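Number of protein chains: 2
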Amino acid sequence: MKTSVGIGLLGLGVVGGGVARTLVERADHVRQLAGCKLSLEGVLVRDPSRPRSFDVPSSLVTTRVEDILDNPAVDVVVEVMGGQTPALDYIVKAISLDKHIVTANKEVMAKQGPDLLTLARKKGVQVMFEASVAGGTPIIGPLLRDLVSNEISSIHAIINGTTNYILTQMVHQGVGFDDALRAAQELGYAESDPTNDVEGIDAAYKLAILSTLAFRARIKDSDVYREGITRLDARDFLYARELGYTIKLLAIANMRDGVVEAHVHPAFVPSDVMLAKVEGVLNAVEVEADMVGRVLFTGPGAGAEPTASAVVADAIGIARNIVGNVTPPTPLRLSENVRVSPMSDLETKYYLRLNVDDRPGVFARIAKLLGDLDISIASVIQKETDEAAQRAEIVMMTHRAREAAMTNALGLLSELDVVNDVGNLVRVEEWE
Amino acid sequence: MKTSVGIGLLGLGVVGGGVARTLVERADHVRQLAGCKLSLEGVLVRDPSRPRSFDVPSSLVTTRVEDILDNPAVDVVVEVMGGQTPALDYIVKAISLDKHIVTANKEVMAKQGPDLLTLARKKGVQVMFEASVAGGTPIIGPLLRDLVSNEISSIHAIINGTTNYILTQMVHQGVGFDDALRAAQELGYAESDPTNDVEGIDAAYKLAILSTLAFRARIKDSDVYREGITRLDARDFLYARELGYTIKLLAIANMRDGVVEAHVHPAFVPSDVMLAKVEGVLNAVEVEADMVGRVLFTGPGAGAEPTASAVVADAIGIARNIVGNVTPPTPLRLSENVRVSPMSDLETKYYLRLNVDDRPGVFARIAKLLGDLDISIASVIQKETDEAAQRAEIVMMTHRAREAAMTNALGLLSELDVVNDVGNLVRVEEWE
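Chains A and B, in that order, give the protein sequences.
Per numbering that gives the first Met the number 0, the first sequence starts with residue 0, numbered consecutively.
Per numbering that gives the first Met the number 0, the second sequence starts with residue 0, numbered consecutively.
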């Protein structure tokens, strides 16, 4: 029986430092749980001279990935570098060398997850990736195991802590996007180049992973429609509140009759549903399934310790199996008979804010334009007039309408001479 | 390789009917997930003539447990009878006959769980019990696997749907306990004898299970202090709301330095924390852990389909292992070095409502009595006077105080000639 399982760590950034610290400082605790020692055998870094949040013995540090992958003492490769290149290559090589994998890499798992799982099955090794979505909050495990008897029909998730922090600031401080972003950057919640977060790219990766597991069909990040939060204005939050909503960057996926729709965008969320109350850097994933109904998982979605919590739990799970000489059955079988519907097929309600000329007949023209496209107005909520400029702001909510029709409408509205500006269009999500 | 795994079902009530229905009506789905057929080989009932929510072929139905336990085609015994007797006996016999176990039985798992897991390990079989807490909402699996790298410091849970429904009615309808209970009974959310639910017995079972897993120490239901919801008055909800709280039946467990405290009782919960928003028959478990921080699991805690969701998922997990010829490592090792502190050691804040004589000096006497016991008043919130009767209602919140002191105080207060009635005492839970 093996008494020690060797860990090779790829990356010693925020998460890698947290993982190394846990393995070293909690060695006894981990040993007790795993049934054997988890021994850190090597750490790949780009720049060994860089100061670290946690110092590993320099004898373990290397800049050559071969030192990790070719080391026979390494049983499990823990990849916490992030990004597709070169992480994907390293993971593939590691699997082909019979190493088990623990990864926190959402981009790799979104793009290549099913391929990696297939390769791993062939080689008889495990690929674990709980940390790739919602940090330390359990969601991958529950989808693969605890909810497995269900047919899952939808996911509604807040899975980007940076944008949730920014939106929470915009709600509570009444600040605009730029100020909220700057505050998030100062606190280290947003990167200096925030594109991946604020444009929904990160959330789309995670939604692709969740959808693939939930619907048991390959959903790639390129299948996910996405729209960021940069267009949101402080005014949108004011109107949302008046209407009984808050605004969240939602990752939504639905499955019906073998057709999946998956989209990430800002959405009006009714103030009284649980997701509306998920604030700051918290993440939350709501799963709707036929047997269990709605279940919600909430917790920290990022950070060194929460992410290391999931990474080390995965490593302990693998170590237990190595010690027990167990090759666990593969829990994921993907169906080929699922297709992804284009965003233009979406049907939802919309919030629409327009700046128009303030004169008679304007609203009638807008209403007719929308009506001709089968977009029915549920209510016109606000009409603020700037008398000096003879302009008015019209805020309306529609009944359910097709996205294709709304796209058409936006084009036609912006061509209307009486419409000065299409302020914003935000989809409205309702819970029964 | 085995192509079929036999299921013996003990009990065909609400949950049993849901399990049987799932195994029969979703046979293909289950087969695909398990990698083999899950074949219903027998069903134990007390009264075969009773009408059922789901009819199983009469050839499978028996009143003799031996027909299930001695049937070599039965690999997995699914126990959904509830109650300790005779379920515990049947489970022990089944394990000794090398059957795997799936159970939804919180009473058995609270009282004998660790013994059953030890017995199962010796026999090389699995005991799965996800359905025993929070119905289909995943919490056992996450504690055993996904959060395993953490030291868990506390649990705050709403794990009895009946009482949460009753309390939600009392909040929103302003009705008293008796009316709310009657409404719950009419809807089938409460039993005709509601003792187990309203006295916190059911929640104490579940908290014992959660604490045992979270703290990796044997916590029995008899270790859990409990107090039911029957003393709550509509007035308490009014005062709670004014003070910015709601009232929930909370199951709380804390672990510090090897000492566990576990208690179930009504508690003031600040209106802005997530648990305050868990309404109706929903359950929620909040886990606080050193690495991940706070994570919250919310979902339906009872009902045929949600509970069957967890039971069948456990059965699928076992079937996968049978097909893969895998004996999974035992995830739970219990420490012997943990003790349970008596309730008198608890330190918390209190809400106290007193009916007193309305004359000068009364409040001073009460304040002195409390002060002498080291109970410091944080605020006196309300003082409603009944001028005709010359009586007043005093509502106060204390700072943190010891339970032993408060128990003393209640005794002494009720002896004071100026105190007509100690209306209610409710513990106040705060989140940082």
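It cannot be assumed that every hint is accurate.
Unchecked claim - Residues from chain B shown here face chain A by an in silico Cβ test under 8 Å; the list is partial:
1. Glu-304
2. Gly-323
3. Val-337
4. Ser-340
5. Pro-341
6. Met-342
Unchecked claim - Covered stretches of chain B (in silico footprint by chain A; criterion: 3 or more residues with CB under 8 Å from a CB of chain A, positions within the stretch not fixed):
7. 123 to 137
8. 200 to 210
Stated by the list, open to error - Simulated pairs of lysine-lysine, BS3-like, Cα-Cα distance not exceeding 27 Å:
9. Lys-276/A / Lys-276/B
10. Lys-121/A / Lys-367/B
11. Lys-1/B / Lys-121/B
12. Lys-1/A / Lys-36/B
13. Lys-36/B / Lys-122/B
In short, the hints are calculated from the structure, not lab data.
Source: prediction; values computed, not measured.
Positions of the beta carbon are idealized from the N, C-alpha and C atoms, including for glycine.
Structure-based check of each hint:
| no. | hint | result |
| --- | --- | --- |
| 1 | Glu-304 | holds, 5 Å |
| 2 | Gly-323 | holds, 4 Å |
| 3 | Val-337 | violated, 14 Å |
| 4 | Ser-340 | violated, 23 Å |
| 5 | Pro-341 | violated, 28 Å |
| 6 | Met-342 | violated, 29 Å |
| 7 | 123 to 137 | holds (count 5) |
| 8 | 200 to 210 | violated (count 0) |
| 9 | Lys-276/A / Lys-276/B | holds, 9 Å |
| 10 | Lys-121/A / Lys-367/B | violated, 76 Å |
| 11 | Lys-1/B / Lys-121/B | holds, 23 Å |
| 12 | Lys-1/A / Lys-36/B | violated, 34 Å |
| 13 | Lys-36/B / Lys-122/B | holds, 24 Å |
In terms of the numbered hints stated before, the structure departs from hints 3, 4, 5, 6, 8, 10 and 12, listed from lowest to highest.
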